[in-house]
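Visitor: Spelled out from the first residue to the last, the chains are:
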Amino acid sequence: GSKKDTKKIAILTPYLSSVTTNQMVNLLKKESKANGWDANVVDTKGDVGQLANRMEDVIATNVDAIVLVSTDPNQVKAQIQAAKEKNIPVFGCDSAYIDGMAMNATSDNTAMSKMITEHLFQQLGNKPINLVVLTYRPHPGVLKRTLELDKLRKQNPNVKKVIEQQVNVPGPIENSRKQMENLLLANKEDGSITAVWAGWDEPAIGATQAIQAAGRKGIIVTGIDGNSQAVDLIKKGSPLVATVKQNFTGMAELVTKQIEQVLQGKAVTEKEQYAPATLITKENAGK
Amino acid sequence: MLQVKQLDKRFGHHYALLGVSLDIKDGEIHALVGENGAGKSTLIKILTGIYSSDGGNILLHDKKIEITEPKVARKIGIQVVHQDRQLINSFTGYENLFLGLTYPTYKVGFKIRWKAMKQKAEQLKTNLGISLDLGKLAEHMTPSEKTMLEIMRAAMLDCRLLILDEPTAALNDEESELLFDLINKLVAKGTSILYVSHRMNEILRLSHRVTVMRNGKVAGTYFTKDMSKEKLVQLMTDQTTAANKHIKRSVNSSKLDVLQLEGVSSFDQKVQDVSLHVKQGEIVGIFGLAGSGRTELLETIYGTRKIRNGKLVIKGRNITSFSPKKSLSRGVILIPEDRRADGLILNMSVRENMTLSTLPKFSSIFRMKKKKEQAVVHTWMGKLQVKAVSQEQPITELSGGNQQKVVFAKALLSDPILFLCDEPTQAVDVMTREEIHRLLIEQAKKDAAVLLVSSDVQEVLDIADRIYVLHEGKTVAEFPNKAVTSEQILQVCYNQRKQSDVINE
Amino acid sequence: MNRMQTTYAVSLRKWFRVYGTLFAGILIILCFSLLSPDSFATVDNVINISRQISFLVIISLGATLVMAVGEFDLSIGAMASLGGVVAAKLAVAGQPMWLCILIPLVVSVVIGYINGWIITKFKVLSFITTLGMGTVLGGITFWLTDGATIFENIPDSFRYLGQKMWFTVPILSFIMLFLTIVFWYIMSHTAFGRKLYAIGGNESASRNAGVAVAQNKNLAFAFCALLAALAGILMASRLGSAQPTSGDGLFLPAYAAAFLGMTSFKEGVPNIWGTFVGAAIIGILANGLTMLEVPSFLQDVVTGCIVIVAVILQKIGRDAS
Amino acid sequence: MNRMQTTYAVSLRKWFRVYGTLFAGILIILCFSLLSPDSFATVDNVINISRQISFLVIISLGATLVMAVGEFDLSIGAMASLGGVVAAKLAVAGQPMWLCILIPLVVSVVIGYINGWIITKFKVLSFITTLGMGTVLGGITFWLTDGATIFENIPDSFRYLGQKMWFTVPILSFIMLFLTIVFWYIMSHTAFGRKLYAIGGNESASRNAGVAVAQNKNLAFAFCALLAALAGILMASRLGSAQPTSGDGLFLPAYAAAFLGMTSFKEGVPNIWGTFVGAAIIGILANGLTMLEVPSFLQDVVTGCIVIVAVILQKIGRDAS
Ligand SMILES: Nc1ncnc2c1ncn2[C@@H]1O[C@H](COP(=O)(O)OP(=O)(O)OP(=O)(O)O)[C@@H](O)[C@H]1O
Ligand SMILES: Nc1ncnc2c1ncn2[C@@H]1O[C@H](COP(=O)(O)OP(=O)(O)OP(=O)(O)O)[C@@H](O)[C@H]1O
Ligand SMILES: [Mg+2]
Ligand SMILES: [Mg+2]
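Protein chains in written order, with my numbering: chain S, 1 to 287; chain P, 288 to 792; chain A, 793 to 1113; chain L, 1114 to 1434.
Here chain S stands alone, though its shape is the one from the complex (with noise of 0.2 Å):
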């Protein structure tokens, strides 16, 4: 820690231009100053190693507190040891706990997408599922999701059909709405492709647009996270049926009490916290 008065908080992301890890940081941001902390947000546009070298930098400047939203910390263990031997507190927001750290808030990946996967199975009953994946295995909650799904959709036996296809990042929307506008050209036949499962909202809207623009029916899409554009098409009857709402706030808060907690010398309540998930579907969509 430093002497100074004003504590100094360093908010690290490699994916500040997704819409819900931005939500998150925008609230850290707004908690901090409420707490009079001096927030610093870093974003490395999806590279690890730099996220890396911008820890290191904000570890030498002596910052009281650092927060890695929505990154895995297994990418930057040796960081996260050299935060520690300097004690400054490493805390995960969306992220996940390995040792050194203080805490990780996060909504559990792998429930969410056993919420969201069982909600979709449930909703083709017994019909035979033909299913679209559009994922980026490459992000770290992304690929838990899809690790989750594979398991799912193994135990289920009306699945029939896997189309798996990994959406280009930067430009997820554009680039899925491309993909699956080719795979609906490709199976053409109601029936061929029944449901599409994002791994996040972003393909989720992209799939939801070619799918209404191709007029096609009996496919229904669902998506994780629940951005607003995405709660927005649910509530309008489109495609998208579901999608799971992670309680970004939730995470933020949990986040910020057990900052004050540790600035004040206090230990963390709990080194792993979930904020629960709700399922977003139209019923609930408006509220």
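Honestly, the hints are just simulated from the structure, not real lab data. On a predicted model such as this, the values are computed, not experimentally measured, just so you know. By construction, the Cβ of each residue, glycine as well, lies at the ideal position given by its N, Cα and C atoms.
Capping the alpha-carbon separation at 30 Å, the derived lysine-lysine pairs in BS3-like fashion look like this:
hint	chain 1	residue 1	chain 2	residue 2
1	P	Lys733	P	Lys658
2	P	Lys557	L	Lys1428
3	P	Lys613	P	Lys598
4	S	Lys235	A	Lys956
5	S	Lys282	S	Lys236
6	A	Lys956	S	Lys282
7	A	Lys1107	P	Lys358
8	P	Lys598	A	Lys913
9	A	Lys881	S	Lys30
10	A	Lys956	S	Lys188
11	P	Lys362	P	Lys407
12	L	Lys1428	P	Lys423
13	A	Lys913	L	Lys1428
14	A	Lys881	S	Lys33
15	S	Lys144	S	Lys235
16	A	Lys915	P	Lys613
17	P	Lys557	P	Lys598
18	A	Lys915	P	Lys598
19	L	Lys1428	P	Lys612
20	P	Lys351	L	Lys1234
21	S	Lys188	S	Lys217
22	A	Lys913	P	Lys593
Over 12 Å on every C-beta distance to chain P, these chain L residues come out as not near it, computed from the model:
hint	residue
23	Leu1203
24	Gln1208
25	Val1219
26	Lys1234
27	Trp1256
28	Ala1261
29	Leu1292
30	Ile1397
31	Leu1405
32	Glu1406
Position chains P, A and L with the ligands relative to chain S; hints supplied.
Guide: Quick look at chains P, A and L with the ligands alone, frame taken from chain S:
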């Protein structure tokens, strides 16, 4: 030592060489002459492994050899100085000498032994009697220095046959003399020389035998002592031409000045305090040693080089802003020294090159008037007798002389009142040279003015009405071209140089 | 061989040399048509592809222009993103559609001109200058959006250009074709185009021939930025949202298209129809491979290999002649 | 002006011209030192920066080599990612450390050589060839990792090079300095290096003089790929994990560094120390701006502007002389 038998080379449908045979003896200076595009450079490129032949044999000491790549040619002792300089601009003279050779290195660490390299180079310099600062970067060397450097490079290896492709094209007389000394030294050591040049005087003076090429074929090999300039020209062109003697013209002194310079200096001081004037209908020659700033003077007038101070008047109008575009609109055009680098768009066709300066004539805002363009280009190709398959042929495929004709056609299209010609007949065959001279005189007759830079005193004396001598960027003398001799002009150049040497000490 | 045969072979080779890449494209289309006749070789899919490649074609046209003058513009991706974001912000602010399009286009022309001005005025490398400019633009875009995607309150009118059809053909496809033809015409049939090519061929000779080198180069950069911004705007219109990094992904494919195009039509010279074919090949590959449900990683491998093979084949065609 | 003054002014200008970028770098360092003396201008931070720029320097050295022969390699980012992933996979599979490093390096040399071979054999543009190769490599990396980051079961030994210190200096910094010196030596003092420069200076003259152009170019590409893979391996070691896209972010900065470097030391020629300074400037900017808590978007704007201004200043220095 070297025999060439029935060599063929085809580019597309067109034969650049057809059944060419030639033999070169030990210690002989063998000259090769022919019009532009006769195939001289092509033959040389085959001998040095740059092109492969489409038929025929090459024999070295009666043994058949295959020269598949430049390396092979060098190994068997064939060295060459190409028509276009083959140097690495960012390298010093020393390093250029060792290009493609095994550098002297330490056994441990492979470090180049720079000292040994320099010693070897200096030694060679002494042996050949060349004075040249090898520490300079090639890009800072004058054309003659570059030529010397290339010859030194050829001499680095065991050199049994040295091929020189127009080595004197960019040299003036003084520098050429240095080169001839060098050639004679090499021949005395038993080296054979294959010498290509458009300058008949050199050929007649230097060579033992001469082979004449015409349209990709050999027109014959002769002993030089049986030859004369007229005979050679006749063999080259296969026709008898009336020797084009210089017609002394008199310029009406009441004519107006087209160009007036008063105390003009360029920003980099390559041109200093130059005053001169050119009248309508007048051809004014500018002579000076290499590096005396002639090119720079023309560039300053044309607007590619920044002017520092002085007054420049064109047709009575005081000029204050300069750019090639503005110069063109005032009727001033430049025929640049380095055709390929500054005169032509190499990946464009003859047509596109010819009309580049005058595009507004052939276009509205919305489109090119292609028909008109084609018609005009056709006319000019006919007028200047440009040898090309069609006006759509890429300009690179034309021989040097024909490229120069296109440059002239481009200039003439813009109806200039003032020609700035920098070495306009460089690397151009005798016939084309006469044509270019005729062309300039014709333009002068139509009241255009010509400012002509040439490294060839004879050329200046042949067509200029008045001559300025330039030295270290300053005009040091002015002669009307009456009863002045080349000796007198050169005298001024050298004396001036001595004078300045004295001042510096 | 008899004479006629030879001539025939020669002209075939020449055709191959000049239209090599086009040929490769046709070959790819044939393959896909055979492998998935029901989905690939359909009118719907042609329309689909034409819409999908429209952004890429438009941005590649700009890349072609600066390549024609012998330079590079590495800021086109960032410029596209900025264009989309500015347009979307204006739309959200309730500005009329024509202003939403016009303002970013004007901004882009200014930025492109500044690119050109720096490069021609100080005679610095376009590579490093536009790399720097791209970074600056990325920062500005980020500042404008706070890093977030803009999608709330975008009026329907903003989606018109990107999502509507005329006579069952997307407006986007019309715009793309229209621009391709316009720029082909400019480059091949106007004095301006001729000057750009002359500058790219030999800058110093062009200057000596009275071509205003700096001015024309600046214009090329301005056009390039304009086209990039337009691509970005149309993309935002199509998606009904603007992401701060949406254009970045277009940068490498745009140059891939232009370079593929250089091997076609006008050998070794950047040219408009070549670029169009190049962009189409890239788009068709992505479309066809997705339809064949080739796994993502294999798609990359196949695309990369086909690009390399197309270039090589075309070269072999040339050398043979 | 009196004679001595002139000479002085001239030599100052010459210094500025030759060391312009270095000067810009020093100026940047001074600024940061004044603005944040407690954190920027510390020994710790110097060590920190030296570690951070090590990957960039290493990959940029490779870029410099291919630029020296007048070509480009756009596959270096993908090569770095692949190198890191292969090394990490081998480490997870329990292979000894030396094998984990050696195998990806050997693979990279082969790939680099293939790049060179395609380019020299078929005389195709390096730009499009390596763009294609980069796509292929990206696909392979994805296939190897299934898109996921590799971090589980990576033994500690794998982290050694990337995380350990010798005498309080990170091994990474030693490696970077060592390689810089080695490649400076190669480029400036061995026949191989001089040949590379000769090829870049005038390819046809070099060929005519008997330099084995194709062979040396292939070697340049092989070295370039080697250095890229090494950067990727070291990055994986440093992070203790390998991401399938980790190297991609190095691609543009590497060329920015090399181009910045071209304006230094040896004017207009890619050179090792210039590249080093260029990479250092990029690294220092990122470090210093973060320490000053400049917001991300402003960092981009500032970085972009400084790069442009550095290049312009250096040019002005040149023109004045
Ligand atoms: N690479 C090429 N492609 C096509 N044609 C060529 C090529 N090189 C030369 N030619 C043609 O071959 C013929 C011979 O050219 P070459 O350069 O050998 O002439 P030259 O005798 O050296 O002329 P000059 O005196 O002008 O140098 C010319 O008609 C020329 O147009
Ligand atoms: N690129 C350059 N950089 C530095 N110095 C140069 C450069 N080009 C030429 N020089 C020098 O400038 C001086 C003038 O050269 P230039 O060749 O243009 O003169 P010139 O009178 O036209 O002679 P010529 O054309 O017969 O060689 C020479 O001393 C030459 O070494
Ligand atoms: Mg010749
Ligand atoms: Mg000259």
